[in-house]
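Undergrad: If you read the sequences in order, they're chains A and C. Take the position in the first sequence, starting the count at 1, then add 15; the result is the number in my numbering. Take the position in the second sequence, starting the count at 1, then add 15; the result is the number in my numbering.
Treat each hint with caution, since some may be false.
A pair holds if it fits inside one copy or across any two, identical chains being indistinguishable in the list.
Said to hold, decoys possible - Here are the simulated DSS-like pairs of lysine-lysine, each with C-alpha atoms no more than 25 Å apart in a straight line:
1) K336 x K103
2) K292 x K279
3) K63 x K558
4) K577 x K391
5) K568 x K88
The hints are simulated quantities; they were obtained by calculation from the structure and are not laboratory data. As the structure is a prediction and not an experimental result, all values here were calculated from the model.
Single-letter residue listing:
Protein chains: 2
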Amino acid sequence: MKIKRSLVFFILGVSGVGKSTIGNLLSKEFSIPFFDGDDYHSEKNKIKMANGLSLNDEDRHEWLIHLNELAHKQLEQNSCIIACSGLKDKYRDLLSKGIQTHVKWILLFGNYDQILERLKQRKGHFMPTSLLKSQFEIFEDPIEALKINVGNSPRKIIEIIKEEYTNKSEFGLIGLGVMGKSLSRNLAANNFTLSLFNRHINGVEENVAYNFKNEFPELENALAFDDLKAFINALQRPRKIMIMVNAGDPVDEVLDNLIPLLSKNDIIIDGGNAHYKDTERRIKILQKHQFYFIGAGVSGGEEGALNGPSIMPSGNKQVYKLVQPFLEIIAAKDKNGNPCCVYMGNGGSGHFVKMVHNGIEYAEMQLLAEVYFLLKQLGNNPDEIAAFLESWSNSNNSYLLNITIEILRKKEGNGWLIDRVLDTSESKGTGYWATVAMAELGVPSTMIPTALFARYISSFKNERIEMSKAYGVKTSNSIIDNEDLIKAYQLARIVNHHQGFKLLYQASLSNNWNLNLSEIARIWTNGCIIRSTLMEEVSSIFKEHTNVLLDEKIIVLVKEFKPSLNKIVAQCVLEEIPIPCLSEAINYLNAFSVAKCSANLIQAQRDYFGAHLYKRIDDPSGKNYHTHWKNKSYD
Amino acid sequence: MKIKRSLVFFILGVSGVGKSTIGNLLSKEFSIPFFDGDDYHSEKNKIKMANGLSLNDEDRHEWLIHLNELAHKQLEQNSCIIACSGLKDKYRDLLSKGIQTHVKWILLFGNYDQILERLKQRKGHFMPTSLLKSQFEIFEDPIEALKINVGNSPRKIIEIIKEEYTNKSEFGLIGLGVMGKSLSRNLAANNFTLSLFNRHINGVEENVAYNFKNEFPELENALAFDDLKAFINALQRPRKIMIMVNAGDPVDEVLDNLIPLLSKNDIIIDGGNAHYKDTERRIKILQKHQFYFIGAGVSGGEEGALNGPSIMPSGNKQVYKLVQPFLEIIAAKDKNGNPCCVYMGNGGSGHFVKMVHNGIEYAEMQLLAEVYFLLKQLGNNPDEIAAFLESWSNSNNSYLLNITIEILRKKEGNGWLIDRVLDTSESKGTGYWATVAMAELGVPSTMIPTALFARYISSFKNERIEMSKAYGVKTSNSIIDNEDLIKAYQLARIVNHHQGFKLLYQASLSNNWNLNLSEIARIWTNGCIIRSTLMEEVSSIFKEHTNVLLDEKIIVLVKEFKPSLNKIVAQCVLEEIPIPCLSEAINYLNAFSVAKCSANLIQAQRDYFGAHLYKRIDDPSGKNYHTHWKNKSYD
């Protein structure tokens with residue numbers, strides 16, 4: 016038999032479980048070399064153990080490094096088997112360092128009395144039975160391992176292992192829509208063995224997985240299913256299953272179907288645009304069954320999913336390590352070659368971050384739409400607008416700018432396709448969620464709702480037509496200065512990024528997520544929809560700041576750009592051209608940099624009519640005051 | 016014994032239940048006259064019934080009118096008792112017309128066989144037993160009545176009635192905070208008999224109801240409780256209990272405590288600022304127990320609650336009629352003397368309307384804060400700003416304008432109190448809810464969130480100070496034209512009202528509430544925080560339009576005011592003075608009156624990166640299209 020790609024099988028377990036016996040048998044079965052970790056102990060360690068002393072972490076460190084080097088070396092040629100107790104998480108981290116995607120863990124286990132009995136029957140082994148107790152004490156159950164009870168005969172154990180690693184896949188994927196298919200091809204292209212599942216609906220979704228597998232050569236080794244139980248049985252344990260179905264009820268339906276079929280420690284990854292609170296709810300549901308749930312935001316659309324998306328995973332950090340190799344390999348790479356995938360935090364933080372990503376995206380798209388509309392109102396055709404935008408690519412390069420240029424240039428017949436597209440825009444939920452989140456958390460990330468509401472206004476097409484009849488069509492003959500417009504656009508983007516990250520920052524504080532803003536910006540520099548040169552800058556700014564607008568270089572830029580944004584917005588206001596997001600950028604900046612604002616009047620009004628109390632600037636204790644404001648009460 | 020105020024007791028029930036017997040006994044007990052309705056039938060009706068024919072609605076109409084006139088006449092002197100079958104809701108509506116607050120209903124009931132037996136034993140009565148069946152058939156169980164089984168002895172029945180109307184109150188109130196106390200005094204001042212309840216918390220809330228009752232002479236006849244069971248037993252059935260506790264969990268706690276103590280058909284009115292979805296949930300919970308729940312938004316603050324608030328009730332319409340007399344009497348009156356209280360619709364519509372009321376209020380307050388801030392930045396002191404605003408009162412009178420003037424003039428020592436109030440504003444939930452509601456429903460009522468977010472920005476006081484250090488303090492030497500400013504303010508208010516009512520309109524469509532926008536505006540013309548001359552105009556516009564901005568007079572005003580709003584906003588933008596709500600009014604107006612907007616680009620972008628499809632302007636079928644936008648795919 017043959018292993019499908021180069022792997023290292025670490026056989027784990029306390030002394031006496033039979034690691035060497037199984038290692039030797041497996042070596043024959045798989046025709047790959049076996050190395051007994053005990054042979055790589057230093058003399059010092061061997062003497063220590065022979066004297067009945069436990070090895071400490073320091074003693075083991077060098078040994079584990081040796082074994083890791085051994086594994087690296089063997090992988091250059093082929094697969095191998097290494098026996099090593101590997102009792103703690105950090106030992107296993109050392110063993111698998113740099114080769115995570117190639118490691119399979121097999122734990123041989125039994126209870127203390129069972130193992131003690133085996134040890135007593137053993138001869139010539141240098142380890143005194145007195146050390147067994149300490150091994151049991153420090154043992155950290157590896158969630159990452161295939162677990163086999165030593166009560167099984169060696170023959171049976173070998174059969175279990177053989178079945179697991181020759182007939183089963185490493186990674187499962189449920190839901191073969193646009194994104195699910197692209198991610199599957201991406202995983203397969205990276206040599207992971209896959210099981211693919213898509214539900215069967217008569218006449219609607221039939222043989223989806225089979226047909227998909229047959230369509231693409233990279234899926235040759237993949238297994239295709241429309242029977243969920245068979246799919247589950249075809250996965251190595253602990254199972255790693257990514258769900259790519261529509262957010263909302265479909266995810267819960269899939270989980271309901273999966274729960275009776277899973278085994279302890281199996282891991283479900285939701286790669287859809289779930290609401291972060293749903294993800295937190297699902298983590299708890301799976302926890303009850305001793306399963307794990309990882310929420311992973313995935314951005315990049317169809318193309319990103321295929322060639323490398325940006326991935327934002329969250330949940331239990333130790334569990335995340337098991338799926339990390341898969342996600343990191345398929346992710347886009349940043350300019351330094353590091354994966355655009357990094358652990359966000361616990362709970363639903365990954366999906367929260369993805370939601371904010373989409374919120375920022377809403378505003379970025381709206382800013383481009385405003386620039387487009389303004390230039391169109393001034394009499395430019397789509398090609399002229401595209402040329403205009405192309406001249407910005409150096410200072411303001413971004414994926415969205417580039418696709419906008421391509422869109423504007425797309426011809427249909429004698430005209431431009433963009434002129435034939437209906438001007439009512441839709442939204443699928445994340446912009447709305449981001450708006451509710453900022454409103455709920457009290458964070459004024461105002462450009463997201465402004466962009467969302469611009470879409471809403473667009474959807475009232477009939478009313479807009481009625482209104483335009485009542486109020487007349489506007490035309491403009493103004494000249495816009497290109498330099499002013501690009502500066503205005505750049506500044507609005509800075510404010511948008513500031514606001515988006517402010518929402519992440521405040522949410523992280525509220526939820527104890529400990530989000531790393533700089534890393535989040537870094538994984539958004541490639542693969543995702545909002546990748547841009549600005550995102551690169553933002554990533555480095557967040558190494559030192561939590562508020563982009565207080566970075567020295569940004570302060571200089573803002574001061575330089577502000578007069579242009581002021582000028583453009585004032586001009587549009589006077590010419591009656593709607594520029595909600597550009598305008599909001601200004602109002603936010605102005606309001607956010609006023610030390611003493613007008614909220615004292617609001618507080619006084621609230622206290623006047625509702626006795627809602629107010630605080631005073633001359634009482635730093637924060638005490639609440641109430642006043643009978645009515646003059647007649649006092650006069 | 017004595018009845019506390021003039022009442023008409025209608026004794027209801029099919030023929031043979033003993034209405035006359037009970038009426039006569041009660042007449043002696045209460046020392047008030049008794050009238051047997053049967054004596055007021057026309058000869059025609061009497062002959063019809065003697066011939067074994069049923070009376071139809073037309074036959075009964077004149078008779079019921081007579082009895083209603085009789086009741087009116089008697090009430091001028093004192094109380095009385097009238098026996099009348101009153102089998103249908105609409106008969107009882109006729110009987111109580113114009114005297115709803117003075118009517119008490121007593122239903123004598125038994126099953127068909129029980130009553131038939133009684134009728135057979137009766138002599139000299141003109142009604143043949145053959146008509147009994149038809150009476151049972153048309154009978155509509157009156158939820159408004161005290162119900163007594165005729166199996167009880169006449170003595171027992173009289174005791175039950177006596178106990179109910181001499182020792183028990185008509186209306187109960189739970190929660191004696193600022194609003195609860197004011198509403199209680201308002202109800203008592205209108206001669207309703209009250210039971211008052213406030214919970215007991217050792218050392219925190221002790222003897223609240225007792226102390227309150229003793230503080231105000233109008234509460235002389237009120238009963239005070241801190242024992243909920245005793246409070247419930249001291250209310251006439253069906254009980255009418257208004258809850259005035261903090262929105263959220265406290266309401267559910269009160270309901271949990273009440274449910275085991277209530278009887279069938281009892282009515283709970285929530286007068287707090289509940290979320291409308293909570294109200295809908297609570298309606299269903301109470302329904303299961305055969306109780307009723309009325310959500311009633313109440314606006315006007317402490318003073319309004321005492322002297323006449325604006326009230327927005329919703330729920331089961333038939334049930335509402337039972338509490339209508341109480342709510343209408345305590346409500347403010349509009350300029351024609353009609354109560355500022357009207358049935359909104361079913362479900363939680365009342366609380367939804369109140370939420371939107373508060374949303375409009377947020378933006379109205381913010382607009383005044385912006386005007387204040389602008390005038391302050393131009394160097395005016397609070398008295399000068401007050402004088403400025405006072406000059407607007409003719410064209411723009413409103414409660415909020417008036418209290419703002421009073422606030423600005425409030426002195427403390429040598430200065431103005433407003434200058435000592437901390438400029439970080441708070442919010443209690445309704446503005447946030449309104450924002451979530453508009454976002455959820457897809458309605459661009461953007462000035463509400465803009466006002467909410469302005470409060471959020473104010474709350475980041477420390478960051479604002481840091482920002483102002485980094486970006487410098489702005490000063491202005493401009494001159495603002497008073498006429499421009501008032502026009503700008505007026506137009507922004509028109510847009511705000513348009514948007515608020517648009518939210519109501521769209522929510523009404525989505526929820527089948529059938530809201531009457533004109534009536535809603537009418538009940539907001541007095542008693543509530545957003546009462547104003549503009550609201551009067553809006554109320555009359557909504558008799559003909561659903562969109563204020565399409566009213567001919569408004570179109571003229573908008574066209575007149577728009578250049579001023581443009582000018583003020585452009586000036587503030589150039590001078591870096593934050594005016595988020597004024598600015599939003601413009602952007603909304605501009606976006607909402609563009610027939611062809613920029614959303615085509617958004618749709619193209621979404622289709623480019625996410626294959627989200629788009630519609631075409633040249634295909635009215637609404638079909639979805641997808642394009643491979645990338646040039647390289649085509650070139």
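Undergrad: Compare the structure with each hint and give your call.
TA: How the hints compare with the structure:
1. K336 x K103: within (14 Å within a copy, 72 Å between copies)
2. K292 x K279: within (24 Å within a copy, 39 Å between copies)
3. K63 x K558: Classified as neither: same-chain Cα gap 46 Å, cross-chain 95 Å, threshold 25 Å.
4. K577 x K391: both (23 Å within a copy, 23 Å between copies)
5. K568 x K88: Neither: 48 Å inside a chain and 86 Å across chains, both beyond 25 Å.
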